[in-house]
Amino acid sequence: MTNVSQAANGSQPGSSGGGLDLGRLLLEGRAFFALIAIIIIFSILSPVYFSANNFLTMSSHVAIFGLLSIGMLLVILTGGIDLSVGSTLGFAGVFAGFLMQGVSFEFFGVMVYPPVWAVVVLTCALGAFVGAINGVLIAYFKVPAFVATLGMLYVARGVALLMTDGLTYNNLGGSPELGNTGFDWLGFNRLFGVPVGVLIMAAVAIAAMLALTRTPFGRWVYSTGGNARAAELSGVPVKRVQVTVYVLSGICAAIAGLVLSSQLTSAGPTAGTTYELTAIAGVVIGGAALTGGRGNVRGTLLGAFVIGFLSDGLVIIGVSSYWQTVFTGAVIVLAVLLNSIQYRGRKKRPAPSGGETSSPQREATSRETDLAAESTAVKSATQP
Amino acid sequence: MSQTPIKEDTADEVILSARHIAKSFGNVHALKTVNFDIHRGQVTTLFGENGAGKSTLMKILSGVLQPTSGEILLDGRPVSVASTTEAQRLGISIIHQELSLAPNLSVRDNIFMGRELGGPTNIDYAEEERQTRLLMEELDEPIDPLTLVEDLRLGQQQIVEIARALSANSRILIMDEPTSALSASEVEVLFRVIRDLKSRSVSIVYISHHLEEALQITDHAVVLRDGIMTAYAQRQDIDLEWIVRNMVGEGFDLGSPPTGYRMGDVALSLREVSVADASVPDRSVVDRLSLDVRAGEIVCIYGLMGAGRTELLESVAGRIPLTGGSVVLEGGDVSSLSIAERIEQGLVLVPEDRQRDGLVQTMSVGENLSLASIGAFTQWLFTSRRREQEVVEASISNVHIKTDGGGADIGSLSGGNQQKVVIGKMLATHPRVVLLDEPSRGIDIGAKAEVFRLLSEGARQGLAVVFSTSEVGECLSIAHRVVVMSRGRISAEFGADVTKEEIMAASGEAVVA
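The listed protein sequences derive, respectively, from chains A and B.
Those letters in the first sequence? Residues 1 to 384, per the UniProt record's numbering, in order.
Those letters in the second sequence? Residues 1 to 513, per the UniProt record's numbering, in order.
Note that these hints are calculated values from the structure, not bench results.
Check the hints yourself; a few may be wrong.
[Stated by the list, open to error] Below, simulated DMTMM-like cross-link-like pairs (lysine to aspartate or glutamate); rule was C-alpha separation at most 25 Å, straight line:
(1) A:Lys239 to B:Asp277
(2) A:Lys142 to B:Asp282
(3) A:Lys142 to B:Asp37
(4) B:Lys198 to B:Glu390
(5) B:Lys198 to B:Asp353
(6) A:Lys142 to A:Glu232
(7) B:Lys402 to B:Glu330
(8) A:Lys239 to B:Glu138
It should be emphasised that the depicted structure is a prediction, and the values quoted were computed from it without experimental measurement.
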């Protein structure tokens, strides 16, 4: 064991000793520290930022991204990606709006006004259906996840536009005579002073956390993303797991669509455009690896809060929206950069390079040697 | 550019010599101070079983890996082969078992890939084509330079690789198992090319499992065993027996078949099992093979690469579909069940490549160990951490894994201990039949012995064990029965009292007079 640690030290200066622990702590808790830093900086810059009411308002914005990010996390943990969640969100909102206007069955000559709970259930079912199509395409027809969900991004958005002819449903209030009031409760209202949307996100987050850490399904998700071949040979139903995560991601997007249209008291077909990218950013900032197998709900929530609190803070202090885009992008790249530093440190251990050469004339090249050996070591560890 | 410099004296002159080369991967010592010479214009063959360190040594010479210690002298001067590009510059080329050609490009484009004439923006295609044609003529293999590589036969593709090495002015050509995928006539062509290369004072390092074939072509023989060079001799001083003796060694005792108990009924029965070749669907890699294994029995399947061992075991475990026949487990047909269902029924596979198929690298030792037996510690919807901990701790102590505990990183374990994790994971499902594909691959001799001891213990308790190997020595250890596979069929079956020579003869590897 001794020469292993020697080699690791040699190729990664300062990777042990006093400075390491702080650095490692900062690296692993980076989303948390970033959030604290954002709160402190904006509290100094703006007097209105640091108040319970503002935090609750910002949190209700975060709820949308948080819901999408949790669904996205499940998909990314299996090594996939779901680009369709933004469109699914918009589609779900429009579908809910459509149901709230009443569905006419011309054959029977009646208009049916489903109650709000039925609207919620049907909308979630729609999200699940969209996700199921993604999942089946990816797991059984071997369409790359990127392509399958990119296609769904267009299809879902297109259908949403077709349903409304590009218009927005503004009347989501329902009417007491028809018994379909209460849609505004989902996002607009507060329970114990907390926006309902935030509570919904918290509930989904707890469910996802339990599923990932305490159920066989969670273990299957991690193992599928870590090494699908090994998981399959260990009896993990890899294909079913893949379909399930896309279904769950679709449901999360549908819930987010419901909450958003309730918050806005309108359902537009272009709602949620590019939200899929924000959701991915949240997952990545939260420390998950896009290659699958690594990540958790806690980090993802922190990632969503970082993005939400950052962009709202920039709005509050009056930074132009163009600069907001630049800042958000920079934060995402920084997060991915830190991810690769973190995981490179882990991969190095199993196959240390033969860096500790003794002859002096080789010292000059030993750095290159390390790099070359490392890359081949990583290759040989990952490739068949 | 295409001409290899021809030296006048092609006497017995050492062009490259590796001195005291050692290489460790973590706790695994793949090479332990090996000395190795390459003679100008001659063929040096490296003999050794799987895991003896042949490939590691060749990777060091060709710059793919860096040695942990030792030095390489080229023309008497120490050189540092820090990368494959550096190796190429020094005139060292390697032709891997899996060819590294781009099948979608023409022969010409492949030969000049990365070294395009006329620079990257203005390629001199005419000159490239002329030189390619010249090379092909020299090699006596009339392949049109504009043919796409994917349209060539495998043997011709190999010639293209050789041509590429020659056009890069290679003085040393390393060939790793060049004949394993070739037909007999293609081997003839390859050998003619090798003789031709020798006459142009190109030095060749040859690695092959086909001992007889290698003896036809070699001038020097070097034998590696467990990372140590055990023997060196010139061609005229040696014969097959000498090679086998030095390859296998007398030494380490891997145990003997467990006795003193009664074997049970037939646990696993393969009936006329066939599996199609993944690349050539008309061909069968496993051809109507039948085999019965009783509870408590240990069966060793010996065969060369390509004999169909892996395909047989994977199809029995349910990973690849059967094209014919059936798999019967304790009287019940399991041929149509999924992998998970077969595990449930008590039929498990420990795969050959533990990095690719055995371990989930992102999970801890404990999570890997419990992955296949989650059901055993799940109540209602949730897993019980306490009971999982029990399963993990029991596995760690049962299969003797050296680890800091279940929470340790899987990558922190040595190869042998990683293999024990894969075995422990499958044993934790309480199987009736366990299949192991090359369980000793890439682990050191001590770990090997321990794995075999585990299997004997299991058999004693009524487990049916089937393991495959390409090392003869391992057949003569714990197996009650040795089955030799060749071209997808069982070519011979022996009891525990078989000899190495009999096994090798039956596999088509070597016939010792």
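A quick look at each hint next to the structure:
For the hint pairing A:Lys239 with B:Asp277, the CA-to-CA distance comes to about 24 Å; that is within 25 Å, so the pair holds. Distance restraint check for A:Lys142 and B:Asp282: the Cα-Cα separation of roughly 24 Å lies within the 25 Å cut-off, and the hinted pair is therefore satisfied. A threshold of 25 Å between alpha carbons decides the hint, and for A:Lys142 with B:Asp37 the separation of about 49 Å lies outside it, so the pair is violated. Distance check on the hinted pair: B:Lys198 and B:Glu390 sit about 63 Å apart at the alpha-carbon level, beyond 25 Å; violated.
For the suggested pair B:Lys198 and B:Asp353, the alpha carbons sit about 37 Å apart, so the restraint of at most 25 Å is broken. A distance of roughly 16 Å separates the Cα atoms of A:Lys142 and A:Glu232; the hinted pair therefore holds under the 25 Å criterion. For the hint linking B:Lys402 to B:Glu330, the alpha-carbon distance of about 35 Å lies beyond 25 Å, and the restraint is violated. For the hint linking A:Lys239 to B:Glu138, the alpha-carbon distance of about 53 Å lies beyond 25 Å, and the restraint is violated.
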